[in-house]
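Undergrad: Single-letter residue listing:
Number of protein chains: 2
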Amino acid sequence: MRYVLLKLSFDGRPYHGWQIQKNALTVQQVLQEALAAVLGEAPPIKGCSRTDAGVHAIEFCVSMPLTGNISCESLVRALNVHLPQSVAVKSCCEVDEDFHARYSVKYKRYLYRIWNSPVRDPFSDGLALHYPVHLDEKSMEEQAQQLIGRHDFSAFCAAGGSVEDKVRNITEYTACRNGDMIELRITADGFLYNMVRIITGTLIDIERGRIPRGSIGEIIESGDRSKAGFTAPPDGLYLEKVIY
Amino acid sequence: MRYVLLKLSFDGRPYHGWQIQKNALTVQQVLQEALAAVLGEAPPIKGCSRTDAGVHAIEFCVSMPLTGNISCESLVRALNVHLPQSVAVKSCCEVDEDFHARYSVKYKRYLYRIWNSPVRDPFSDGLALHYPVHLDEKSMEEQAQQLIGRHDFSAFCAAGGSVEDKVRNITEYTACRNGDMIELRITADGFLYNMVRIITGTLIDIERGRIPRGSIGEIIESGDRSKAGFTAPPDGLYLEKVIY
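Note that the protein sequences, when read in sequence, are chains P and X.
Just so you know, the first sequence maps onto residues 1 to 244 in this note's numbering.
Just so you know, the second sequence maps onto residues 245 to 488 in this note's numbering.
Accuracy of the hints is not assured; some may be wrong.
[Unchecked claim] Here are the simulated lysine-lysine pairs, DSSO-like style, with alpha carbons at most 27 Å apart:
no.: 1; chain 1: P; residue 1: K90; chain 2: X; residue 2: K382
no.: 2; chain 1: X; residue 1: K350; chain 2: X; residue 2: K266
no.: 3; chain 1: P; residue 1: K138; chain 2: X; residue 2: K334
no.: 4; chain 1: P; residue 1: K90; chain 2: P; residue 2: K46
no.: 5; chain 1: P; residue 1: K106; chain 2: P; residue 2: K241
no.: 6; chain 1: X; residue 1: K290; chain 2: X; residue 2: K485
[What the hints assert, rightly or not] Derived coverage of chain P by chain X (criterion: at least 3 residues anywhere in the stretch with Cβ under 8 Å from a Cβ of chain X; other residues may be distant):
no.: 7; stretch: 1-15
no.: 8; stretch: 84-95
no.: 9; stretch: 120-126
[To be verified] Label pairs and their computed distance ranges (CB to CB):
no.: 10; chain 1: X; residue 1: V325; chain 2: P; residue 2: A159; range: 33 to 41 Å
no.: 11; chain 1: P; residue 1: S74; chain 2: X; residue 2: S383; range: 28 to 36 Å
no.: 12; chain 1: P; residue 1: E73; chain 2: X; residue 2: G423; range: 55 to 63 Å
no.: 13; chain 1: P; residue 1: Y107; chain 2: X; residue 2: C337; range: 44 to 52 Å
no.: 14; chain 1: P; residue 1: G179; chain 2: X; residue 2: S318; range: 22 to 30 Å
No lab work stands behind these hints, which were simulated from the structure alone.
Think of the CB as a built atom: it goes at the ideal place given N, C-alpha and C, for glycine as much as any other residue.
Here chain P stands alone, though its shape is the one from the complex:
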């Protein structure tokens, strides 16, 4: 039996996230259907994370066993024929039996895109947060440096998650601007429920003076979700890189 790692890219707009659900279309479901069409039956597949409805992926990883003789290259080609335009398999490679797309993750990087102009962008509907008031991305990057390190991020976690241990290690936070598009990138060994979206909302609230500058350390220490900022919408969020 071979085991493989598939790397996908998907536009999250048509989907209710990754994980299979009753009565709602998910990326896992369309991938399983494509696998069933190509292989006869879909093997059990493991995704690297549960993305929310409307969240995108530039790189999303899936591990699974692979029976039969199909080559990795042929599998990629055949899956792309069966997948909808909004999902693409970028690569497939063989991995060890004990590799798990989720539990083997060392670091993940998320990108959050903000279209920061008074006028909306026709090309970014559902693909970036439109924020009309000017934001200083270098100031956001500076404020975010207090996030770096191993902390209990309970204050940046939405209710409803089942995870007990809320300690995560954020290793990098960068912000850059490309014309009117701000790109925020965060790397950590793991993320809590809505964590990137709450961090984004908190940084925006700091820029707008709703939360004092320099207070991210205190918010982390408080462990109090109500002290952090709003939850930015899923539109701007992309899983960008998974490091094993």
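With chain P held as given, fit chain X onto it using these hints.
TA: Using the frame of chain P, we list chain X on its own:
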């Protein structure tokens, strides 16, 4: 009477080009409808070019007379409320009475985007040409330098245009790569029917060995459309900049 210049941006996918048509939705139509909703009646508007069905604009210019007391700023805001998500007015400024969005143009720059990867990009459907075989963008840029200058571009003009004078002055051609996305940019004082798309197809055909390297000068001189390459699809084409 005031005269104004509006700068628009639009995703061309839902539209049959700029110019108003019977039985097909165009950008001019939706702009006229928004103007009528805001001003009571739509003034006569002039677009900077006739873009084809499916072609996009990062910057498209429109000139028109403006009656009433509405400020440029309020007009932008009000139009964006009435326009569909795929069209945005970016700015409005007053111009002289003799300004004409089309006839006053000095130079225009078009961008052509090619997603150059064996695997399609879920975010570029209709927004870039997917070309799976590797292209060397620096070689394309080098070949394109023979286009520079004032030439009769009949060989790069589709049949069906009504223009007699086919002499245009191409001032710059650049190519760059951003990961898997190739961006080709061409600046000229004017463009013939399908000219950018035929130039793009010709450069691809040269890279694939279907047209000899170094033959663009001869193709121009021949004036023969059949010697140039295929017409690249509208998906990757963007009007990027208009210089008055």
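Undergrad: If a hint holds in the structure, say so; if it does not, say that too.
TA: Hint check:
1. K90/P to K382/X: 25 Å, holds
2. K350/X to K266/X: Violated, at roughly 31 Å.
3. K138/P to K334/X: Given that 27 Å is the threshold and the Cα spacing comes to 25 Å, the pair holds.
4. K90/P to K46/P: 17 Å, holds
5. K106/P to K241/P: 11 Å, holds
6. K290/X to K485/X: 17 Å, holds
7. 1-15: holds (count 3)
8. 84-95: holds (count 7)
9. 120-126: holds (count 5)
10. V325/X to A159/P: 33 to 41 Å: Cβ of V325/X to Cβ of A159/P: about 35 Å, so the range 33 to 41 Å holds.
11. S74/P to S383/X: 28 to 36 Å: Distance hint for S74/P, S383/X holds at roughly 30 Å.
12. E73/P to G423/X: 55 to 63 Å: 21 Å, violated
13. Y107/P to C337/X: 44 to 52 Å: 48 Å, holds
14. G179/P to S318/X: 22 to 30 Å: Because 25 Å falls inside the window, the suggested range holds.
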